[in-house]
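Peer 1: Chain residues, written in single-letter form:
There are 2 protein chains.
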Amino acid sequence: MKKISIIGAGLVGSLLALYLNKRGYKVTLHERRPDMRKVKIPAGRSINLALSDRGWRGLQGVAIDDTIRQIGIPMTHRTMHSVDGKITTQPYGKDGQGIYAVSRGILNCTLLDLAEKGGVEIHFNQRCTGLMLTSGEMQFEHSENHQKSSHHADLIFGADGAFAASRLQLQLSTDQFNYSQRYLQHGYKELMFVAKADGSHQLEKNALHIWPRGGYMLIALPNLDGTFTVTLFFPLKGNPSFESLHNKQEVKAFFQKVFPDAVPLLHDLEEDFFHNPTGSLVTIKCAPWSFDNKLVLIGDAAHAIVPFYGQGMNCGFEDCSVLNDLLNQFADDWEKVIPEYERMRKPAADAIGELAVDNFIEMRDLVGKPEFLLRKKIEGWFSEKHPDKWIPLYTMVTFSHLPYHEAQARGKKQDAIMNEIMKMSDIENIWNSSMVENRIIDLLK
Amino acid sequence: MKKISIIGAGLVGSLLALYLNKRGYKVTLHERRPDMRKVKIPAGRSINLALSDRGWRGLQGVAIDDTIRQIGIPMTHRTMHSVDGKITTQPYGKDGQGIYAVSRGILNCTLLDLAEKGGVEIHFNQRCTGLMLTSGEMQFEHSENHQKSSHHADLIFGADGAFAASRLQLQLSTDQFNYSQRYLQHGYKELMFVAKADGSHQLEKNALHIWPRGGYMLIALPNLDGTFTVTLFFPLKGNPSFESLHNKQEVKAFFQKVFPDAVPLLHDLEEDFFHNPTGSLVTIKCAPWSFDNKLVLIGDAAHAIVPFYGQGMNCGFEDCSVLNDLLNQFADDWEKVIPEYERMRKPAADAIGELAVDNFIEMRDLVGKPEFLLRKKIEGWFSEKHPDKWIPLYTMVTFSHLPYHEAQARGKKQDAIMNEIMKMSDIENIWNSSMVENRIIDLLK
Numbered sequence: 000m001k002k003i004s005i006i007g008a009g010l011v012g013s014l015l016a017l018y019l020n021k022r023g024y025k026v027t028l029h030e031r032r033p034d035m036r037k038v039k040i041p042a043g044r045s046i047n048l049a050l051s052d053r054g055w056r057g058l059q060g061v062a063i064d065d066t067i068r069q070i071g072i073p074m075t076h077r078t079m080h081s082v083d084g085k086i087t088t089q090p091y092g093k094d095g096q097g098i099y100a101v102s103r104g105i106l107n108c109t110l111l112d113l114a115e116k117g118g119v120e121i122h123f124n125q126r127c128t129g130l131m132l133t134s135g136e137m138q139f140e141h142s143e144n145h146q147k148s149s150h151h152a153d154l155i156f157g158a159d160g161a162f163a164a165s166r167l168q169l170q171l172s173t174d175q176f177n178y179s180q181r182y183l184q185h186g187y188k189e190l191m192f193v194a195k196a197d198g199s200h201q202l203e204k205n206a207l208h209i210w211p212r213g214g215y216m217l218i219a220l221p222n223l224d225g226t227f228t229v230t231l232f233f234p235l236k237g238n239p240s241f242e243s244l245h246n247k248q249e250v251k252a253f254f255q256k257v258f259p260d261a262v263p264l265l266h267d268l269e270e271d272f273f274h275n276p277t278g279s280l281v282t283i284k285c286a287p288w289s290f291d292n293k294l295v296l297i298g299d300a301a302h303a304i305v306p307f308y309g310q311g312m313n314c315g316f317e318d319c320s321v322l323n324d325l326l327n328q329f330a331d332d333w334e335k336v337i338p339e340y341e342r343m344r345k346p347a348a349d350a351i352g353e354l355a356v357d358n359f360i361e362m363r364d365l366v367g368k369p370e371f372l373l374r375k376k377i378e379g380w381f382s383e384k385h386p387d388k389w390i391p392l393y394t395m396v397t398f399s400h401l402p403y404h405e406a407q408a409r410g411k412k413q414d415a416i417m418n419e420i421m422k423m424s425d426i427e428n429i430w431n432s433s434m435v436e437n438r439i440i441d442l443l444k
Numbered sequence: 000m001k002k003i004s005i006i007g008a009g010l011v012g013s014l015l016a017l018y019l020n021k022r023g024y025k026v027t028l029h030e031r032r033p034d035m036r037k038v039k040i041p042a043g044r045s046i047n048l049a050l051s052d053r054g055w056r057g058l059q060g061v062a063i064d065d066t067i068r069q070i071g072i073p074m075t076h077r078t079m080h081s082v083d084g085k086i087t088t089q090p091y092g093k094d095g096q097g098i099y100a101v102s103r104g105i106l107n108c109t110l111l112d113l114a115e116k117g118g119v120e121i122h123f124n125q126r127c128t129g130l131m132l133t134s135g136e137m138q139f140e141h142s143e144n145h146q147k148s149s150h151h152a153d154l155i156f157g158a159d160g161a162f163a164a165s166r167l168q169l170q171l172s173t174d175q176f177n178y179s180q181r182y183l184q185h186g187y188k189e190l191m192f193v194a195k196a197d198g199s200h201q202l203e204k205n206a207l208h209i210w211p212r213g214g215y216m217l218i219a220l221p222n223l224d225g226t227f228t229v230t231l232f233f234p235l236k237g238n239p240s241f242e243s244l245h246n247k248q249e250v251k252a253f254f255q256k257v258f259p260d261a262v263p264l265l266h267d268l269e270e271d272f273f274h275n276p277t278g279s280l281v282t283i284k285c286a287p288w289s290f291d292n293k294l295v296l297i298g299d300a301a302h303a304i305v306p307f308y309g310q311g312m313n314c315g316f317e318d319c320s321v322l323n324d325l326l327n328q329f330a331d332d333w334e335k336v337i338p339e340y341e342r343m344r345k346p347a348a349d350a351i352g353e354l355a356v357d358n359f360i361e362m363r364d365l366v367g368k369p370e371f372l373l374r375k376k377i378e379g380w381f382s383e384k385h386p387d388k389w390i391p392l393y394t395m396v397t398f399s400h401l402p403y404h405e406a407q408a409r410g411k412k413q414d415a416i417m418n419e420i421m422k423m424s425d426i427e428n429i430w431n432s433s434m435v436e437n438r439i440i441d442l443l444k
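Listed in order, the protein sequences are those of chains A and B. Going letter by letter, the first sequence gives residues 0 to 444 in numbering that gives the first Met the number 0. Going letter by letter, the second sequence gives residues 0 to 444 in numbering that gives the first Met the number 0.
For reference, chain A alone in the conformation it holds in the complex (with noise of 0.2 Å):
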């Protein structure tokens, strides 16, 4: 196996090129979009990314952490603001561990510049519009002057995001193939804050700022030109909701309403409102993820998430790595690869798909809730004294490299037991008490 063709050059196409291309592969990157070290890419649609511990894994494979690092900015807790502008704080996990906000288009741009440095091929503005399956050729459009082209692979990798083309191949020429999209009924919007005048951060830069509001929030992650990348998760329908907002008056009415602290530092909100495209949140989910041996699907294009858990990325750089040690580990041989990667992998992403939509549920209603504050509280309190037998979901998923589905299971049977706890009488005076202590100790038996 010589010659490996990636669809695909955003994050994860691009780290899985320098990671086959490190395994000495000759390896092509192709992508639709112009290259975005060159052309500015239009703003509006971005979710700041939060790397964590997979995503930090899947860098230093390649050794690049440490210049990633340089641009990210860690968020050791999340910081609630309610309506009547009232702070409160929960850390992410302990001893000031933290997620770390970067720039999507930074972190992209190094990558595509590392692949390039190495010796991968990139072709921008290529359009995939046909894969033979069993040939392994690929054929392109130009974006700009519809030109044709053909290229030729020994083994083809669809990292063309959540909606491939390579997975609509499988889709439309492939029998049993197992395939589902499902849209939330919420879309996003990003907005701005602003910096201060002298490029410092209006609101505390170590934290991911949450306004939630039951049926719908804003969030804010730091950038590190003193700004905040906002994003409004709202409802597409109903009262309130996109379509109940039809003008500046009535945008900035809600917002004073519902977000009051928030409207002094946002940048032209009725502006950006209104210019700022609505972005859909969609679960992907599909089977098999591979075709042959001669296509396989990797990141977005395999399962593409919803962005609550601030796994999408992370998940990605994790497929990467994992791949990458299943290759030491069979010496190369892709025949005992693929379907081992497919078998390890596609529980742990359906795992997180599943997270990531309740955690949606966590971070927009209930991450306020007095009750909710305290049986994090007590986890964390329970969690510090035993270590070894009990770490918060939210800790598995983002700080550990247990497989998503491991967390899962393990979060579920934790729930179960946090639900028996909270029932314990006067349990606001008594959650640090042996009491308590034991209860849970005898629960997990």
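It should be emphasised that the hints constitute simulated quantities derived from the structure, not laboratory data. Honestly, I wouldn't trust all of these hints.
No copy is singled out in the list; a pair is fine if it fits within one copy or between any two copies.
[Unchecked claim] For lysine to any residue, the following SDA-like pairs were computed, each having C-alpha atoms within a straight-line distance of at most 25 Å:
(1) K147 / S399
(2) K345 / S179
(3) K345 / P234
(4) K247 / F273
(5) K1 / I121
(6) K284 / V356
(7) K37 / L392
(8) K444 / D260
(9) K345 / T282
(10) K236 / E334
(11) K236 / A286
(12) K147 / T128
(13) K422 / N238
(14) K284 / P346
(15) K147 / A286
(16) K345 / V281
(17) K376 / A286
(18) K411 / S399
(19) K236 / N292
(20) K284 / T173
(21) K293 / G237
(22) K93 / K376
(23) K236 / N177
(24) K293 / Q184
A quick note: this is a predicted structure, and the numbers were derived from the prediction, not measured.
Once you've looked at the hints, dock chain B against the given chain A.
Peer 2: Frame of chain A, contents of chain B only:
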């Protein structure tokens, strides 16, 4: 609204054309395949149809039920064949209620004849290659001479089956389209029982014959010419499976072991087994079923289901009659009709899709077991005594017009009650006692 085009001239598309033509619309039908009345359709993929009450109502609405009844064979019961040749039967309903075996080909040809006679324009060999969803323009390519053409309509129906080109347009070019295709791990193979020399049937004619064997099964439905169309539902992989039977000897030996009484009746088993294609079994769900009141999906294009409840065609015909009722109710105001059609039919289609998968387990496994037979006997007995209180699920689905999702909900409740009843001690002997009767009445409260 004047011009309506229907993509797909299968059973549902043809019946819909008859309905709309009768209402005074200018209707065109566009079919990918050649005219089946002129060209011999290759055999080997058909699963026999069983017309039941919902289907009959669909035909009544355009007054062709009497015509079709003449080509149908009533089946009043299931006949189960065990490995040791023992035969048991189960009535489908009471008082000789039956479902009708009909030939898909004859039924479809009849519908096409009637549509054409009524003034519907039918275009064959027209593969739909594109739909302009906003303008109502359809693009076609002739499947033989590859000539391209386009056609315009005020309203388009997608009746082009499980792998609808029309639905693909919704997936590819609209936002927020929920979609799933899920395959069973079983496939099917068409086989045949030959007629006696005098043209009569070798097995009892007025029955649907089943050879339930746990993980797989054989079924046989009578044809007018004395033959039976036989279908083997069988795992695609594993042992035994389509993959594990490698040659004619192995197929013959396997059939002789597990379907001994069927072997002498079969037309050239070994030849048919390897010559006929292996079919797939898929459940397709999507939402929405329409776009902008310009395109509406109907039948399998909207909700392909597996064949184990015998409801695929019946459900599609019910789509047509419900739509026609709504056109009456709203005086052909399509802007009211289309959303209401979708609101009524989507949960119904989801329900029958799930029931059909559930029924596979019942047919291939439970149907032959004494406990299951007793359970059905108790249900039948109680239902006969209290028809106002209990209608067996099969009866609600097959012999009523209760929306499928209501039937499903009542079925679940009844199932939970029967689980309790079957736990009663000595139930085999007291099954028709007043104790059991009163217990059911209690549980129903």
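Peer 1: It remains to establish, for every hint, whether it holds in the given structure.
Peer 2: Evaluation of the provided hints:
no.: 1; hint: K147 / S399; in the structure: neither (45 Å within a copy, 57 Å between copies)
no.: 2; hint: K345 / S179; in the structure: both (14 Å within a copy, 17 Å between copies)
no.: 3; hint: K345 / P234; in the structure: between (30 Å within a copy, 22 Å between copies)
no.: 4; hint: K247 / F273; in the structure: within (8 Å within a copy, 68 Å between copies)
no.: 5; hint: K1 / I121; in the structure: within (17 Å within a copy, 53 Å between copies)
no.: 6; hint: K284 / V356; in the structure: both (13 Å within a copy, 20 Å between copies)
no.: 7; hint: K37 / L392; in the structure: neither (41 Å within a copy, 64 Å between copies)
no.: 8; hint: K444 / D260; in the structure: neither (46 Å within a copy, 54 Å between copies)
no.: 9; hint: K345 / T282; in the structure: both (14 Å within a copy, 21 Å between copies)
no.: 10; hint: K236 / E334; in the structure: between (48 Å within a copy, 19 Å between copies)
no.: 11; hint: K236 / A286; in the structure: between (32 Å within a copy, 16 Å between copies)
no.: 12; hint: K147 / T128; in the structure: both (9 Å within a copy, 20 Å between copies)
no.: 13; hint: K422 / N238; in the structure: neither (34 Å within a copy, 50 Å between copies)
no.: 14; hint: K284 / P346; in the structure: both (10 Å within a copy, 22 Å between copies)
no.: 15; hint: K147 / A286; in the structure: neither (30 Å within a copy, 35 Å between copies)
no.: 16; hint: K345 / V281; in the structure: both (17 Å within a copy, 21 Å between copies)
no.: 17; hint: K376 / A286; in the structure: neither (39 Å within a copy, 41 Å between copies)
no.: 18; hint: K411 / S399; in the structure: within (17 Å within a copy, 42 Å between copies)
no.: 19; hint: K236 / N292; in the structure: between (43 Å within a copy, 18 Å between copies)
no.: 20; hint: K284 / T173; in the structure: both (16 Å within a copy, 19 Å between copies)
no.: 21; hint: K293 / G237; in the structure: between (46 Å within a copy, 23 Å between copies)
no.: 22; hint: K93 / K376; in the structure: within (12 Å within a copy, 62 Å between copies)
no.: 23; hint: K236 / N177; in the structure: between (30 Å within a copy, 16 Å between copies)
no.: 24; hint: K293 / Q184; in the structure: between (36 Å within a copy, 23 Å between copies)
Hint compliance for this structure: hints 1, 7, 8, 13, 15 and 17 are broken, all remaining hints hold.
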